[in-house]
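Student: Guided by the hints, dock chains B and C onto chain A, whose structure is given.
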Amino acid sequence: MNAIIKNPLALAGLMIIAIISFMAIFAPLITPFDPDAINVKSILLSPSSAHWMGTDGLGRDVYSRMLFGARISLLVGIVAVGIATVIGIVLGAISGFYRGWVDTVIMRLVDVMLSIPTFFLILAVIAFLTPSIWNIMIVIGLTSWMGVTRLVRAEFLSLRNREFVLASQTLGATDRRLIFKQLLPNSLTPIIVSSVLGIASAVLVESGLSFLGLGVQAPQASWGNILTDGKEYIEFAWWLSLFPGLAILITVMGYNLLGEGLRDALDPRTSNNK
Amino acid sequence: MLKYLMNRLLWMVPLLVGISLISFLIMHLAPGDITSTEASFNPKTSEESRQKLRELYHLDKPVIVQYGLWLKRMSTLDFGRSFASHQSPVFWQETDKDGNITKGMIQEALPVTLLINVLSLSLIIAMALPLGVISALTQNKLPDRSITIFVFIGFAIPSFWLALMLMYWTGVSHNWLPISGLHSLGAEKMPWLAQWIDGLKHLTLPILISGLTGLAGISLFVRNGMLDVLHQDYITTARAKGLSENTVVYKHALRNALLPLITIFGLSIPGLIGGSVIAESIFAIPGMGKLFYDAVLMRDFPVIMGILTIGSALTLIGNLLADLAYAWADPRVRKGVVQ
Amino acid sequence: MQEKPQITRVFTCLVAALMALLLMSCSQQRNEGTANFNQTYPSEAGGTLVDAMSGEPSGLIAMIAGESSASTIASNIFNSLLKYDKNLELTGELAQSWDVSADQKTITFHLKPNLKWADGKPLTSEDVLFTWQLVTDDKTRTPYGADYKLVKKAEAPDPETFKVTYAQPYAPALDSWSGLHILPKHLLAGQDINNTPFARNPVGSHYYQLDQWKKGESISLKRNVNATQGQAKIDHLVSRIIPDRAAQFLELMADNIDSMSLNSIQYARIFPSRPDLTSKIAQYKELGNSYTYLGFNLKRKPFDDVRVRQAINYAIDKQEIIDGVLLGLGLPVASPYKPGTRWSNPELHPYPYDPKKAIALLKEAGFEDHDHDGILDKDGQPLSFEILTNQNKEREMSAVLVQRRLKEIGIDVKIRVVEWATFISRFIKTGDFNVVLLGWGLGLEPDQFNIWHSSQQAPGQFNFIGYNNPTVDKLLEDGRMELNPDKRMKIYHEFAKILLEDSPVVYLFAGYGLPAIHKRVKGIDDPAPPAGIGHNSYGWYIPAPLRRNEISAE
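Which chain is which? The protein sequence lines are A, B and C, in order.
Residue numbering for the first sequence follows our numbering, starting at 36 and increasing by one per position.
Residue numbering for the second sequence follows our numbering, starting at 7 and increasing by one per position.
Residue numbering for the third sequence follows our numbering, starting at 439 and increasing by one per position.
Incorrect hints may have been included.
BS3-like cross-link-like pairs, simulated, lysine-lysine; straight-line CA separation at most 25 Å [to be verified]: (1) C:K543 with C:K521; (2) A:K76 with C:K845; (3) A:K41 with B:K147; (4) B:K109 with C:K521; (5) B:K195 with C:K653.
Keep in mind the hints are simulated off the structure, nothing from the lab.
Treat the numbers as computed from the prediction; the structure is a model and nothing was measured.
So that you can see chain A by itself, here it is in the shape it has in the complex (with noise of 0.2 Å):
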């Protein structure tokens, strides 16, 4: 924590993660309109003192939809990343615990992922599965677990082999023990560094299926989806496309601050010539 407050951009990057994780955890008690609301007679108004961002083509109020759109938008990357999170860390610990054929088997599992283009595979099961927004959060989960697996294979790889772990397998640690007390705990700081930058790219991944109409689906307001409403009037509604574009733009660059952060001030390799 405090090599996080010495790196001033972590540090920006794990603000701008608090106030918009605030601001979309309530975002009902400080929107001034419900989001969902349509109002005819105020379509396409430009932002003002009472729409701050503007409304869209149905009169709805744009910053509401931007804060609830927040919610689904942050709520698609967390779920996608824990997926891949938990996937990662499973295949990973049997990989680098057990070795042998198993390992083979999953590295070769995770060399087939990587080599097939990974939005090409997004794309193509979540139109075939209709794209609601669970859906979204799954595939992107089940297409992104490879980096954690390997991560964590490599990591037991290294730490099986410690003095402290064999020491505690000669007294007769079981397996399991082994695993949860000993291995994971060690290795999960490459894990938190790759989770959080994986919520930045499954953020940017849901905009990409919006602008392809594979996103979250209308009326339920995503950050991708409003960004892809205004961007045919990109000069003339600028409101409807310059908010969300930024939103997207600025949270999933503090994701990535706070994510090169931590992993600059917790590796002793890249921190030591202070």
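Tutor: For chains B and C alone, kept in the frame of chain A given last:
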């Protein structure tokens, strides 16, 4: 070296089987088939003609038979003909009995996508190397921080949004660059130099955007690699010997930091190919990404499976080349000392 | 102190080089004409018209390709026997005239004399017969064969006569002959129509012929000197393939394409606020080709109760949807026919917005808010359902407005938007839906047997809402047999009246088509006739001073 190559090639076989299985499974997630595309939802379409289409494409055979047919065809690179686009072979050109050549869909789409990816990779290298090195040399100081922020903006900005803004700015407001497409109308009548410039102008924005998106990963990799190397004993030794900083940085550190970069390029191929969907849709470029997206919406199975397989095969080849280059550069690898 | 590495310098050089390259590539400015586009010019031949399409056709034989982009382009290349004129009445195209036999079973078409294909070969009734054989051949992969298979016997007794005999009178026959592009026998005989290279290199008889097809980029047509219908004014038509509509609009603004169809925001909001656009681009408004409706699954409760359907109809404010979704650029409809045409019954009016009546009807049907949770219920079941629609901005937005109005009278509505192919295969074909928000074409041919007849409910057929009304069935059957236009009109007016009362669907609106065309293109009818502005596109012209600088070989 030859043994190493053979070894690597053999590794690819199980991967290819895995890829064939995954691409086949995905197709069977789909409840829709060719007969449920737009054309068939016209009141004038009769159910019998739909059934006819299904039979023609073996959609009525058991799944396992379909996979068998698929595996057999994949091994001979025969991806069949497109469902939606009746005329076209999926992968490579075919000649009919009258000598008419029908070009393959992937055959036509692949070069554009490869060209854009090669150019944007070059752009990424050209920018990432200096940015990464400057970042490492000024670690945690202002230049490092600004570069980090800059490359992250490139990564974090939704690419289609940036693309539209740049299209508006350079194409509508200022008339500097064409907005979409690959050639101007009538470009084929221009002299070759003008044609070449015309093509380059059309590719400027797509390459720039794809380059910006990919910059962060590589430049951070260079930065961290450099930092890593700069703290190694032999660098300290070199400095102690009184070598100039330039010699230390460029002769000793950079070369060693670059080595792992080769592998990263192999790994970044699927990301670049996948990312082409959005860029190609927005810039109206007839490449692999656009082809794939259309095929998904049309449930054009042969094309989807063909592209997934060819795309993955390209990645495998890319990885193979990267491994070979690495082995060539680092004798320890090819002797099997390090994996 | 460490010396400063030269990297910074190297990098500066690199950036400078890159900028230079960029600037070099940008240095060629287009010279913009300052011509006054509003001036009138005499009609003259020549020039190029550029437009954009979202998808690329798979081929140019419309009966095989199926996509709308294919038929749009193919209809500039191929003729049919008949066509619709500017007032949407049938008239001859390749046919000079046609006679219907006394028993109404035989139609004889008399072709115009001296018709030619673009390659100079004569076009005769043999070609028509050949095309009929193709479209009815079981090996031909066409979804459009059904109409033509009803022909019991087709003959070409002489080169200028084509005669078809039906087993029984079939009124939609004439319409069907306006939709079949006649193909050349001398080029296609013996070929596999499904895979012929002809589809990419067609030879037709209409105003234009294929000039160049750049895969994935554009399709260019040039004037056909042997055209059967006279000469078009504009020399070249180019259709660029631009999938993204936002990119299309940028291309229109930058003057790189001459026409595209606008959406209502572009039409009603962006254009009026941009004098630079209105000074060079003209906006048109024409009757649309489809209507949007809310359709009930009549096999499910509570939609089997006509009072519930009528109540929902009363509870939806159609004008609000037209104003909100289409910014006023649409019409309410009360029948599935183009407003103002012969088949549309002028005495019918849409259900007015009347929430009180809606509540009363629902009460009559047993729906009241017994448990006071704000949602009506009957036998403990709340009145709650899901509206299913596909990805289409107008439909999504209409669904949202419908949802709000229904909520006001105590109906709980959820909205689900699904991608098209899945929509059809998973919900429509299986009948697994409650309410859909979709569109149907406003056909020029009044026969809607496929959509409303009770026999058309099998999976994959078009009466997927399960409409079953014996009176309507009878009218639809009669309408198919009646070739006298006046008697036919009465049948379909009656049909539309019953349909409106039964309310198996709620007609929401028929939107206008909103083409925008650069003002350099002259000769366009404004206001648009019922057939739309495109009916005389062969007479459009681009005066020489207003043409784009065409790149020449020099």
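Student: Against each hint, give a clear statement of whether it holds in the structure.
Tutor: Hints versus structure:
1. C:K543 with C:K521: Status holds; Cα separation ~21 Å.
2. A:K76 with C:K845: Cα-Cα ~19 Å, so holds.
3. A:K41 with B:K147: holds (13 Å)
4. B:K109 with C:K521: violated (35 Å)
5. B:K195 with C:K653: holds (17 Å)
The structure does not agree with numbered hint 4 stated previously, though it agrees with all others.
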